[in-house]
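Read off the chains here:
Protein chains: 2
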Amino acid sequence: MGRSRRRSRRSSQTASPQSPLHVAPPGLPGGTYKPLTDAQIVRIHEASLDVLEQVGIQVPASECRDIFVAGGATVDEARDRVFIPRQMVADALAAAQNEVTLYGRDDARWDMTLGGQRVYMGTGGSAVKVLDLDGRMRESNLADVAQIGHLCDALNNIHFYLRPVVARDIEIDVLDVNTYYAAITNTTKHVTGNAYTIDTLHDVIEMCELIAGGAEALRARPFISFITCWTVSPLRYAMETVEVLTEIVRQGLPVFISSAPQSGATSPAALAGSLVQINAEELSGLVYCNLIRPGCSVILGYVPSVADLRTGNFVGGAPEFALMNAAVSQLGQFYNLPVYNSSGLSDSKVPDAQAGYEKGITGLAAALAGANYIHHSAGFLESLLTVAYEQYVIDDDINGAIMRCVRGIEVTDETLSVDVIKEACFGDGHYLASQQALKMMTTEYQYPHTADRARRDDWEANGAQDMRERARAEVRRILKTHTPKRIDPALDAQIRAQFDIVLPPKLAGL
Amino acid sequence: MGRSRRRSRRSSQTASPQSPLHVAPPGLPGGTYKPLTDAQIVRIHEASLDVLEQVGIQVPASECRDIFVAGGATVDEARDRVFIPRQMVADALAAAQNEVTLYGRDDARWDMTLGGQRVYMGTGGSAVKVLDLDGRMRESNLADVAQIGHLCDALNNIHFYLRPVVARDIEIDVLDVNTYYAAITNTTKHVTGNAYTIDTLHDVIEMCELIAGGAEALRARPFISFITCWTVSPLRYAMETVEVLTEIVRQGLPVFISSAPQSGATSPAALAGSLVQINAEELSGLVYCNLIRPGCSVILGYVPSVADLRTGNFVGGAPEFALMNAAVSQLGQFYNLPVYNSSGLSDSKVPDAQAGYEKGITGLAAALAGANYIHHSAGFLESLLTVAYEQYVIDDDINGAIMRCVRGIEVTDETLSVDVIKEACFGDGHYLASQQALKMMTTEYQYPHTADRARRDDWEANGAQDMRERARAEVRRILKTHTPKRIDPALDAQIRAQFDIVLPPKLAGL
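In the order they appear, the protein sequences are chains A and B. For the first sequence, my numbering gives the first residue as 1165, with consecutive numbering after it. For the second sequence, my numbering gives the first residue as 1165, with consecutive numbering after it.
Looking at chain A on its own, in the form it has when it is part of the complex (with noise of 0.2 Å):
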């Protein structure tokens, strides 16, 4: 059968992924799931305190050590270990910031105020090995920051573009500040990404001071922001990590505090004990960057994980993956903080049924939480390793169906339809041609755009694709046809100039 046949067809069949944002827009609340019990948050928030106080966190000399001593904690020197007393955590609570705003880059619908129950869901990072549209695997590059980016863009149930894989291409001294660029070059959504040098750092933020139009500019509406690691599960701190951490806080810009234990391996195997160790780490830096600079912008960055007992490999895609990141948005909501968690990673190695479900699941669990900022939920295949172009357009169809669940069902007088459904048993006996599914068409329903619906005939006379296949030939249409909103080409001059861009202009679309 002929090209144009097919197009056809699909065009009549599919929604496009440029579709408007009304069905299940960006930021709607969860909260609808709640796998934890009130008086459960509480006892898991009590042991947290406990560990914070009685086990403590291990931190070497060292400035941070000198900050949390300066605010009361005390220290076991013999052990390196500081003990955080309950009233440090408590002033910490009362000083954060509950709600983080993030923003896009000139592009209002990508903004994001973080905190509540808000649900964001977007990309992860940072995989090292690309599963290529030929169906290849490769080491990532820095050209895939950019396309990955190129490809989001046009996918609306990607909320934010975290900067998905290492660019292994790219030296570690420029390494930061190229992927920045690739990523915002190409996207207007929301970037996040890391750096690994308080060097590298300001590079990255003078960079975006320049796109700003200014540092005051930046921080008024930061359209990038900053993971950290800093920690070395189970409780002890990363000191370089934490320099960086300590320079992000004092720059005044947003940052996530990414924890992310195995549960048996570097967290205990039981579930709860896990949410006490994550929770304490998490509350240790909040204490930390709070002291740093009250009311700072920071993000708890809870990413609980699982570790298989029988082999010890991590797992990604397990039902206990999804219950504790589904109850990590719930001590968010106790402590009415902005929560990064995790969702959609799965163990299969290529875009199966079994990458689907795994996805599927931990997305649906996270998001009906109320998770505000969900990050792992696009593109990753065999746990943290690898992602897939046609993964990306998978899950912004399955992130799309989530979204939908958490918008909920609206019951008001017009909803609950009783003149409808007279009309209808008095008449025609159907609703198919009613003025109320006219008008709901385009506002009730979510329509998949790579998801198939059709008949089997219709899908046998397009060629009889799988969902894989399909999200192949949608991620080359994308590639060619959508144009992401550029940078001004003299700015990028001027960047080009100040900074060691290796990106080919090129693929900054110039």
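Bear in mind the hints are in silico, worked out from the structure with no lab data behind them. Treat the hints with care, as some may be off.
All copies of an identical chain are treated as equivalent in the list; a pair is satisfied when it fits inside any one copy or across any two copies.
[Unchecked claim] Distance condition first, Cα-Cα at most 25 Å in a straight line; then the derived DMTMM-like pairs of lysine to aspartate or glutamate:
#, residue 1, residue 2
1, Lys1586, Asp1472
2, Lys1586, Asp1244
3, Lys1670, Asp1298
4, Lys1293, Glu1633
5, Lys1603, Asp1472
6, Lys1670, Asp1333
7, Lys1603, Asp1577
8, Lys1293, Asp1337
9, Lys1649, Asp1275
Because the structure is a prediction, the values reported are computed rather than measured.
Fit chain B to the supplied structure of chain A, relying on the hints for placement.
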């Protein structure tokens, strides 16, 4: 690579489908997900009562209508409509059984007490096509009822066996008795089916009385039950089926009253309105059954589904489907009555990523909401039209993950693990060798049998198969190695002497 190496690797990495049921057993309570608020549930309930009073149901002159009228209903004879006052509904709710227990055949592991928030997941019906293990489509037949039963008997996260396909090779007058026979002889799980006429219903009941050891024994521990699709939405009774329903209730056997309107086509496009209509239909059936026999074993059969308003096609994998099937669980809990509903459908034609995510999302939503008897949650593809053998194996893993989510997180002094955390932090710095990890390895974690958690090199060494390919191998292994508990050969001979059994003896294990 040789077969033996594959086999040994797999067995070291995967759980057996026959593994113990203690991690996530059938009947765990859901209820942590509540898509509707209490106030919204009351509004839907009230609107349903308005519909029953003002719109009524279409019932031609019949014994059924006489029963309604004798119970207090009024009739519009010109329109053939029966109007049911609120008091009749209240009386039925007061008379109705709050729990209905269904039994396994000689196997108490598969007994199910439907009601409350207890969750059971199983197969559904009734497909007309089979996607065979060789990838070919064909009509479904009686051998499929037997072989899929054989397969499901070995899959622990499929809790009951609702005959999944129509045996299209069997004459209508012996279809029901042969369908039940093929199912019952291949699994000890509870068997649900239907009967097309009162005569064929009697055949099924008489055969099952033989198997149970008498009429009383069957009523005391019914290992079979019946579905009746007694309505044609919106709000019209299908009179031939009503006669069968009436007889089942009189016979004192458990019956599901199933109503499956499609929102936008045979119920309002507004999801809330669809819930109002289906709730009115279900309440009318509850009234009717309890007028025939107060306190009969009737299970409300809410199966709200969706029409894609762009095409009119039935859609089984939509998020709106997930939302409504979760919401009806809350209606059942509001009435304190057992509920039958639906999840695990997919509109995909093959076991791909779409099938995975649609099943994961719809299944998790219904189960977390506490639905009692979730049918369709194994085997289905192409909405309601096709089943695939390998999909049962895949869905068993999906259901296992979902049931683990239903179980939730236990919070006790022991699981909070403060001492375990202290020991790790003051000791080795990890938990891999902890007593808790060793103990919880087999109690805290649900291990999939077919989902892949291997490292990439192991996965590649095992043939780099996707989940569909692995599931196909697992189907072949189960059908070859698993022997269901058969019925006694002497009893079988008696059945074959008394009824026109056309299933080849080999497919009943003889």
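Consistency of the hints with the structure:
no. : hint              : verdict
1   : Lys1586 / Asp1472 : between (56 Å within a copy, 22 Å between copies)
2   : Lys1586 / Asp1244 : between (74 Å within a copy, 14 Å between copies)
3   : Lys1670 / Asp1298 : within (22 Å within a copy, 47 Å between copies)
4   : Lys1293 / Glu1633 : both (20 Å within a copy, 24 Å between copies)
5   : Lys1603 / Asp1472 : between (49 Å within a copy, 14 Å between copies)
6   : Lys1670 / Asp1333 : within (17 Å within a copy, 62 Å between copies)
7   : Lys1603 / Asp1577 : within (16 Å within a copy, 54 Å between copies)
8   : Lys1293 / Asp1337 : within (21 Å within a copy, 60 Å between copies)
9   : Lys1649 / Asp1275 : within (16 Å within a copy, 60 Å between copies)
Consistency with the previously given hints is maintained throughout, with no hint failing.
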